[in-house]
Amino acid sequence: MTPDTPNTAGTPDTAGTPGTPNTAGAAGAAPDTAGEKVLMKGNEAIAEAAIRAGCRCFFGYPITPQTEVAAYMSKRMPKEGGTYLQAESEVAAINMVYGAASAGVRAMTSSSSPGVSLKSEGISYMAGSDLPGVIVNIQRGGPGLGGIQPSQADYWQATKAIGHGDFHMIVLAPSTVQEMADSVFDAFDLADKYRTPVMVLADGMLGQMMEPVVMPGRIAELPDKPWATNGHKGKRERTVANSLYLVPEELERRNVERFDRYNAIRATEQRVEQYLVEDAEIVLVAFGACARIARSAVGKAREKGIKAGLIRPVTLWPFPADAIDAAVRSATAFLTVEMNMGQMVEDVRLVVDGRRTVGFFGRTGGVIPTPAEVLDAIERMDRGMSGDDCSAEPEHMGGAR
Amino acid sequence: MYMTAQIIVNENYCKGCGLCIEVCPRGIIALNPDVITAKGYHPAKLTDESRCSACTNCALICPDVAITVER
Amino acid sequence: MTTVFKRPAALTDRQFSYCPGCSHGIVHRLIAEAIDELGIEGKAVGIAPVGCSVFAYEFFSCDMVQAAHGRAPAVATGIKRAVPGSIVFSYQGDGDLASIGMAETIHVASRGEKITVIFINNAIYGMTGGQMAPTTLPGQVTQTSPLGRDVEIAGYPIRICELLSTLDGVALAERVSVDTPRNIRTAKKAVKKAFEYQAEGLGYTIVEVVSTCPTNWGLSPVEALGWLNENLLPYYPPGVYRDVKAEGFANAAEASAARLAASSVADPTAGKDAEGGGCNG
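Protein chains in written order, with this note's numbering: chain A, 30 to 430; chain B, 200 to 270; chain C, 930 to 1210.
Just so you know, these hints were derived from the structure itself, not from any lab. Do not rely on the hints blindly, as some may be mistaken.
DSSO-like mimics (lysine-lysine), calculated; alpha carbons at most 30 angstroms apart, straight line [to be verified]:
#1 Lys264(A) with Lys935(C)
#2 Lys254(A) with Lys935(C)
#3 Lys972(C) with Lys262(A)
#4 Lys1121(C) with Lys972(C)
#5 Lys935(C) with Lys238(B)
#6 Lys1174(C) with Lys264(A)
Not everything, but these chain B residues come out facing chain C in the computed CB check (under 10 angstroms) [unchecked claim]:
#7 Gly215
#8 Asn231
#9 Ile235
#10 Lys238
#11 Arg250
#12 Cys254
#13 Thr255
#14 Cys257
#15 Cys261
#16 Pro262
The structure displayed is predicted, hence computed values, not measured ones. Glycine residues also receive a C-beta, built at the ideal position from the N, C-alpha and C atoms.
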């Protein structure tokens, strides 16, 4: 997942949509040869890549639209000598990850929005105990039971408030099935490197669609974990995984140390894909599946002579502030496109800091915006900037308005 | 007579709860009013070494694992 | 002179954080002695719960993990699955195990997870200052049942060993008490047996320890032992509720198969038309 790799996947309006029949081909085949292109569902790509990244324990619980991750793992993990276990709840599943991670193995759980809410307690404990682990969220509409169609409504939850307490979690936002595989691989490395939970934040569209994938090769070497609670064998000091510090100064010291690590992550791990940004006057900001639609709209806008571009945050936390900030110099306006009521737009505004207009277009509830709708929002913004159309507002909401 | 048995109470651990006194079959343990531990307790002590049988009852029930028994 | 009783090596030298006379310390020692005697400290991983014993991670010499309230069985599952050769024990109170963590408790037992659960039942929430627990007796006065537990409102206490003994994954479910030296000796045997069964891979093991909370019961440590004996033991009778080995089976799986074979519905398909049978439930 290099920052400037162009998005080579098919155009979003022709790509697979939720409801794509499961042809089971890739799942059963368990492609074992790196470099070979195979057709896989996003959810299955996540599972296969996790295994190749050295994931030894997967704890899941059924929920649409992520269930294929668990189903795939249940088939593959036993063959790998690893653990697949269907937990009694998402609460239990994340705490099993907590246990397995504390014992030093690569562990993962996956869920969809309502289930991820249940995991928030365990994620907070993982952060507090400095335990690495990967959490996959194949988002659906909310709040409450919401719906089962694709959504990006958990952006705030993932990036700002995944659990109680003072902490962050690295959040990766793939936008193709290939990136689903690559990001889960990355997620394990980042988790171990910084001893933090990492979330792969995708959505039902990415989870359910099928695309060609080149699977990463198997990881050769896993990092040493001298802190693991896996039995001291009489050969080392005992280890403790713990997040309790009753002395305020001690808890403060731990949190400050953790935020030093977060600063290092902010400085070195911001990832972004840029498309036609260099000369763009209107810079779209969109992530995940929505970025594919935005990209398509950018192309159509260019055909109409509007200099549009796209910044696609690949890391949602750390938010790629540097790329947005750099774009402020050349752009005249930003348009954030999301499958929610406007969440990431707040982070864009924080970076832009009043220097440029920041507009928003989104659909929510599981409605997927069309490139035409996004193009319309670009055009309104363009007219608004040139003073031709007084009705153009910085905020745009589609049918959900 | 069991001249050769004794209990050693670690005053760092003892909280003076008195359970050892309750279970001592010979009634030869008492809290020591002359000593106050760092935590502010009167620790237990053996009052008659000559009568201790090293039955270990006191150590078994001691919730702070403060008692060593020797024979 | 020779030492006939000393502090076990599997305890650290930290002073316990418990109130004077609290029986947590007794149970800690029993666990540590079992670890010492079985020589398993190097592969043992303990789980500390939320409650008074949250600091258990300070007190044992083996690797320790602190878990969220009620989640110790899930955390234990993660560790055991990640490192199957480890000896994993969780140490949980009644609020942790039988209230907020009941789902995890039931499922870890039904999975036959090869772990050992040490369950401290003192019929009250200790750390938060003496509130009603799932094991608080009918009529028992606590901070949140000031007129005594009214079963019409608050329901009945839960007998964990009886409940779990119905599950097929359980290899050992034994209830003990620590109110007398004699009972403490019995408790020690149960704790050690639980670890042995785990090491042999027989299934899930739980030892419920009927314990005291002098502070929140409002009694002296000695009075608390008497109250336990007179009030808790009748409701929570000590005994072996499941011991697959003693019942003549190799492990929980074999006992489970025998239980199914002994089902009153000899042919599972035959009962479908019978009253209350079939799959209409």
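| field | Hinted contact lysine 238(B) with chain C - closest CB pair below 10 angstroms | value | Since chain C brings a Cβ to about 8 angstroms from lysine 238(B), closer than 10 angstroms, the hint holds.
| How about threonine 255(B): closest beta carbon in chain C under 10 angstroms, or not? | Result: holds, 5 angstroms to nearest chain C Cβ.
| Minimum beta-carbon distance criterion (10 angstroms), cysteine 254(B) to chain C | 8 angstroms, holds
| Given the hint that lysine 254(A) pairs with lysine 935(C), does the C-alpha gap stay at or below 30 angstroms? | 35 angstroms, violated
| said: Tell me if the interface restraint on cysteine 257(B) is satisfied: Cβ within less than 10 angstroms of some Cβ in chain C. | reply: 9 angstroms, holds
| With a cut-off of 10 angstroms, does the beta carbon of glycine 215(B) approach a beta carbon of chain C closely enough for the hint to hold? | With a minimum Cβ separation of about 6 angstroms from chain C (threshold 10 angstroms), the hint on glycine 215(B) holds.
| query | Regarding the hint that isoleucine 235(B) lies at the interface with chain C, is the smallest CB-CB distance below 10 angstroms? | reply | Not OK, violated: isoleucine 235(B) not within 10 angstroms of chain C, min 14 angstroms.
| field | Given hint lysine 238(B) paired with lysine 935(C) - CA-CA distance at most 30 angstroms | value | 22 angstroms, holds
| said: Checking hints one by one. Is proline 262(B) an interface residue toward chain C, by the C-beta closer than 10 angstroms rule? | reply: Hint holds; proline 262(B) Cβ to chain C Cβ min 3 angstroms, cut 10 angstroms.
| field | Interface hint compliance - arginine 250(B) to chain C, C-beta minimum distance less than 10 angstroms | value | Result: violated, 16 angstroms to nearest chain C Cβ.
| field | 30 angstroms Cα cutoff - pair lysine 1174(C), lysine 264(A) | value | Violated: lysine 1174(C) and lysine 264(A) sit about 34 angstroms apart, past 30 angstroms.
| Hint consistency between lysine 972(C) and lysine 262(A) [alpha-carbon to alpha-carbon, up to 30 angstroms] | At roughly 6 angstroms apart (the allowed maximum being 30 angstroms), lysine 262(A) and lysine 972(C) satisfy the hint.
Hint violations for this structure: numbers 2, 6, 8, 9, 11, all remaining hints satisfied.
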